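Chains as they are written, first to last, in numbering that gives the first Met the number 0: chain A, 0 to 211; chain B, 0 to 210.
Hints in this document: simulated from the structure, not taken from any laboratory. Please note that a few of the clues may not be correct.
Derived coverage of chain A by chain B (criterion: at least 3 residues anywhere in the stretch with Cβ under 8 Å from a Cβ of chain B; other residues may be distant) [claimed, not checked]:
#: 1; region: 42-53
#: 2; region: 69-78
#: 3; region: 186-192
Keep in mind that this is a model prediction, so the values were computed, not measured. We put the CB at the ideal spot given by N, CA and C, even for glycine.
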Amino acid sequence: MSNFGEIVARPDSLRVKAPSQVSLETPLHALVERAQRGDALAFDQIIICCQRKVVATAWRILGNQADALDAAQEVFLRLYRYLRTFDTEQNFSAWLYRLIMNACHDTRKRRSKELSLDSEGERATLANMRADDDVEASAIGMEDHAVIARALASLPEKERMALVLRDLEGLPTEEVARVLGSTPTTVRSQISSARSKIRLFRERFFREGGAA
Amino acid sequence: MRMTCERSEALLPLAVGGDLDARDQAHVEAHLAGCTPCSGLAEELRASQRWLKAEATPDIGGAVYDDLRRSIRQRIADESPAPALLGWLDRHWQWYRRFRPFATNQTMLASVASMVLVVGTLSLVWPRHGGDLPGVTMAPVLATQVPTERPGSAGSSGGADDSTPLLAPSGEPEGTLPSDDDEVIPDSSMRIEIQTQDPSVRIIWLARAEN
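If we strip away everything but chain A, and leave its shape as in the complex, we get (with noise of 0.2 Å):
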C-alpha cells in the first residue's frame, strides 16, 4: 500500500530542494510533531515529503496540472491551519488523503463556477459520449495521460475518486471508505461502476483509432 509514510524515504522525492536539515530517515510522524509545535521548518519539510505525492493525486482527480497545483495548494493551506488539531495517534497519511479529497471537490466546484459550465469531462460520461469525429480527431491526437485525463474526467466525482484512492494509490477499500467518509460496501459499489466504464472507454478509444 502506498501512502505518504513511504515518501520520506524516497530520495527523488527530496531531490527538488534538498535542504541539509532533511534526514531521509526522517519519520514523517516526527516532522509532524514537530510541526504542531510550530517548527516551521518541519512544515517545510512536510510539504517536501508529500508534495509530489498530493499534486499527483490532485491531478489524477482533477485532470490537469493548473487545477491540480492549485488544490495541492489549499491541502498545505489547510494542513497548516489544522495541523494542531491532528491526533498524531490516527494515520496522517489518511488525513492527508481526507484533505485532498476535499480540497479538489472545492477546487472543481469553484472552477466550475469561475467558468459558469461545468467542465466538459464532469458531463462527458461513456452514456452520453457521442462517437462524432470531433471526439474521435481529439483523442487521436491526445498524449497517454491525457487520454486516461479524460477517461477519469468521463467518471462521477465520487466513482473517480474512489477508483484513485483503491487502483492509484492503493489504498485498501475500508481506508477508501473511511477517506471519503462511506462505507465499504459503497465504496466496492462506485469502484466497480468505475473499473466497467474505465474499460468501456479504453476499449472504445483503441476501437476508434486513438492508439494509432
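Guided by the hints, dock chain B onto chain A, whose structure is given.
Frame of chain A, contents of chain B only:
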C-alpha cells in the same frame, strides 16, 4: 453452486482488483476457468487497470514544486500574521497539552479569560494600597530629605537576609514629605529599600556620593 455468466460479469470488476470475499472470489475464478467470454472480459478489465496505472500522471519539473512551496509560504504569511504573544501562548499551550491530554482549547480560552479578569481586578485595586506588593519594595530616592525608617517597619537595616527578594520599583507616593524625626540625607544621595518576604524585615541601603 454454479455461477452464471451474468453473475460473473457483475462480479468481475471487483474480482480483478481482489475486492471480493474469498468465497465469491473462488466462485468467479472457477467460472473463468471454463468460460472463454468471461475470461476475455476479465483480461480486458485487467488491461484497462494496467493502462490506467501506467500513464495516469505526467511528471512535472522541480521548478513547479519550488513555485508551489513559495506560493504556500506567501499565503501562509498573508493569512496568519499571528502576533508574537499568541504564538508564544500557543506553543506553550501545545507543550502543556502533551502532558495533560484532557486540556482542550476551550480550557485554554477559559484560563486566559480568568487571567485577564484577575489582572484587570488587580490593576483596579493596586493603586489604593499605595503600590505595595506583598513581596519586595525597592525605593530609589534621589531627594534631599528622605526618611530612613517608616512607621511600623521594625527594620534590621543592612542585615543580610536568606530570602531572595525580588526587586520591584516601589510606589513611593510623589510628594511624600519626611517627618521631623527622619534622618536627613544630603543631596546626591540614594536610598534603596527592599522589603523581604518577612514583613518585619526590610533592608535599606543608603548611598552617599563623595565629592
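- Query: Quick check: the region 186-192 of chain A, covered by chain B? Criterion 3+ residues, Cβ under 8 Å.
  - Reply: holds (count 4)
- Query: According to a criterion of three or more residues whose C-beta lies within less than 8 Å of a C-beta of chain B, is the region 42-53 of chain A covered?
  - Reply: holds (count 5)
- Can you take a look at whether the region 69-78 of chain A is actually covered by chain B? Rule is 3+ residues, C-beta closer than 8 Å. Three-residue rule met by the region 69-78 of chain A, so holds; n is 4.
When each numbered hint is compared with the structure, no violation occurs for any of them.
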